[in-house]
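If you're matching positions, the sequence shown starts at 12 in our numbering and goes up one per residue.
If you're looking for bench data, these hints aren't it; they were derived computationally from the structure.
It is possible that part of the hints are untrue.
Quick list of simulated restraints, FRET-style, between CB atoms [claimed, not checked]:
| # | residue 1 | residue 2 | range |
| --- | --- | --- | --- |
| 1 | P28 | V79 | 21 to 27 Å |
| 2 | Q75 | W34 | 47 to 53 Å |
| 3 | K70 | S92 | 20 to 26 Å |
| 4 | D14 | Q47 | 19 to 25 Å |
| 5 | R84 | D14 | 17 to 23 Å |
| 6 | Q89 | Q33 | 50 to 56 Å |
| 7 | P95 | E29 | 39 to 45 Å |
| 8 | D68 | S30 | 39 to 45 Å |
None of these values were measured; they are calculated from a predicted model.
We put the beta carbon where it would ideally sit given N, CA and C, even for glycine.
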Amino acid sequence: MSDYPIVIVKWLDSGQPESAWQWADEIPEPDPIVCQTVGHLIHDTSTGVVVALSIGDVKSERPQANGVMHIPRSAIEQITSLVPCERVRAA
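Make a model of the complete structure from these sequences and hints.
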């Protein structure tokens, strides 16, 4: 399980495409959307990162991943590792 640390990835995304016709000189300048993704870091390469929402079957030799997201390196502003906190007891 420790092979897949939990991280927060801060990255930039494009806005939704607009389908209506617009006057070209009235279109606003680009304004990227700032996003944050939290998950298990599966891959970290020169071209990007792969983050998974969940890791399952953690005691097996080959854990499974779910909610997998690929984020290109060019879109990433910051990656922050999260430190595990103490286990919280159920009331």
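Numbers of unmet hints, in rising order: The structure breaks only hint 6.
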